[in-house]
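S.K.: Chains A and B, in that order, give the protein sequences.
With our numbering, letter number 101 in the first sequence gets 138, and the count goes up by one each step, no holes.
With our numbering, letter number 29 in the second sequence gets 66, and the count goes up by one each step, no holes.
Accuracy of the hints is not assured; some may be wrong.
Identical chains blur together in the list; that is why a pair holds if it fits in one copy or across any two.
To be verified - Below, computed lysine-lysine pairings styled on BS3-like, alpha-carbon distance capped at 30 Å:
id	residue 1	residue 2
1	K177	K160
2	K110	K241
3	K221	K56
4	K48	K189
5	K160	K236
6	K160	K148
7	K241	K177
8	K167	K241
9	K48	K110
10	K160	K141
11	K93	K120
12	K241	K50
Since the hints were made in silico from the structure, they are not lab data.
Chain residues, written in single-letter form:
2 protein chains.
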Amino acid sequence: MPTQTFFHLPKEKQKTLLKAAMHEFTYHSFENASINQIIKEASIPRGSFYMYFHDKEDLYFYLLEQSRELFEKQLFMIIAEEKGDLFQTFERLFESIVDYCSKKNHRLFFKQVFANINSRAEKRLFPMKKDVFDPQNTHKLFLGQIDKSKLKVQTEEDLEEIVGLLFGMTLHTLVHSFAVDETKEEVMRSYQRKLELFKYGMEKR
Amino acid sequence: MPTQTFFHLPKEKQKTLLKAAMHEFTYHSFENASINQIIKEASIPRGSFYMYFHDKEDLYFYLLEQSRELFEKQLFMIIAEEKGDLFQTFERLFESIVDYCSKKNHRLFFKQVFANINSRAEKRLFPMKKDVFDPQNTHKLFLGQIDKSKLKVQTEEDLEEIVGLLFGMTLHTLVHSFAVDETKEEVMRSYQRKLELFKYGMEKR
DNA sequence: TTGACATATGACAACATGTCATGTTAAAAT
DNA sequence: ATTTTAACATGACATGTTGTCATATGTCAA
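Take these sequences, add in the hints, and give me the full structure.
M.R.: Listed below in structure tokens is the structure:
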């Protein structure tokens, strides 16, 4: 998280810095992104940057945090509306994530993010992922909202397993769709097919 | 790939360099690993390193390539033995991968690799993954070996989808198991449960 | 007016990478 | 035996990166 000092800055200046960061992270992977470049573009002296953020990762994860919060709100809103139906919830959440990440001014940024995402970054971006870094324990909260009656679950562990599989598949689909620039229609169709396979199984009966 | 010059080197010197690289990549992520450190440990002059490898990535992927080749051999051996049974093949391949990556002198290296793996590196490590960089088209060859009679597939696309899902799940399980240091028994049990869910579906009937 | 504290800032140390001019070696050609 | 040619070796160098720190500046309270 940024320091308090950062939040004391005039909103204008905050925006300038974040915008410069977005720009740099859009055209370079996290590792190749240069703090030098960001501070140059935002006209922030080097020393000041380190007053505001601990390091590059701190800044990067703060940018992702914004999206995570949105996804989290959506997740709980949708699962309430869908009365705990896990598959319906994932389908609607996925669509909402695709829409959000495909917005004109976001798309290239997320393409870059997804192309280089690793397991640490995953957890920072998606609320349904079990994670040690999860102060409110969103994960457990979410599990509690799921209607287990239609699922093959006996224990809490079983449920975690299923959610973990859905999450992994969702992310994989997202990453792939941004890598090959699928249209929304293509990726939704593909995602729905996968959900069907998950629901009913892959083996013929 | 390394240059010819590298392969002209005495086997001894090759080994020293690769061993130093393994060591560096075991204790640092790819991005944090330092060529400086590697050449220092291997007593190779800076200029020489660049005679042998194009850059750090070249060296890294060459190390992974060794494992990929082994996995590829295993894959085709197992699927032949299992007469095209996709789920049996994945189960046995997974066990073989876990065994290999858990070997005493490999374990920490792969823990590091998996902790930081991204979609590009995935493709370099696992033969069943569809990839532009796949000269022999291993992926297509593998699809051809699968017994489709027991699977819910109509088209080649359906099959690719299923294999993609299995692959993604496999990798995810592997990454997680190395991140939290599961025992072989734990990870195999978890993997088998997941395969069951994939086969028969998650929804109660 | 004077502390006390938060904030601003650029020079600097430490380290990384990739290149290149200059040697060296060895084999082939004369 | 001498010369030519090509492959290989090497470390200094240019250019970049990051995080810190001594010093300067502003601001509020005593």
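S.K.: With reference to the structure, classify each hint as holding or not holding.
M.R.: Evaluation of the provided hints:
no.	hint	verdict
1	K177 to K160	within (14 Å within a copy, 33 Å between copies)
2	K110 to K241	between (38 Å within a copy, 29 Å between copies)
3	K221 to K56	within (26 Å within a copy, 46 Å between copies)
4	K48 to K189	neither (50 Å within a copy, 55 Å between copies)
5	K160 to K236	both (24 Å within a copy, 27 Å between copies)
6	K160 to K148	both (17 Å within a copy, 18 Å between copies)
7	K241 to K177	between (34 Å within a copy, 22 Å between copies)
8	K167 to K241	between (32 Å within a copy, 24 Å between copies)
9	K48 to K110	within (24 Å within a copy, 58 Å between copies)
10	K160 to K141	both (25 Å within a copy, 29 Å between copies)
11	K93 to K120	neither (40 Å within a copy, 51 Å between copies)
12	K241 to K50	neither (60 Å within a copy, 54 Å between copies)
In the structure shown, a violation is registered for the earlier hints numbered 4, 11 and 12, in ascending order.
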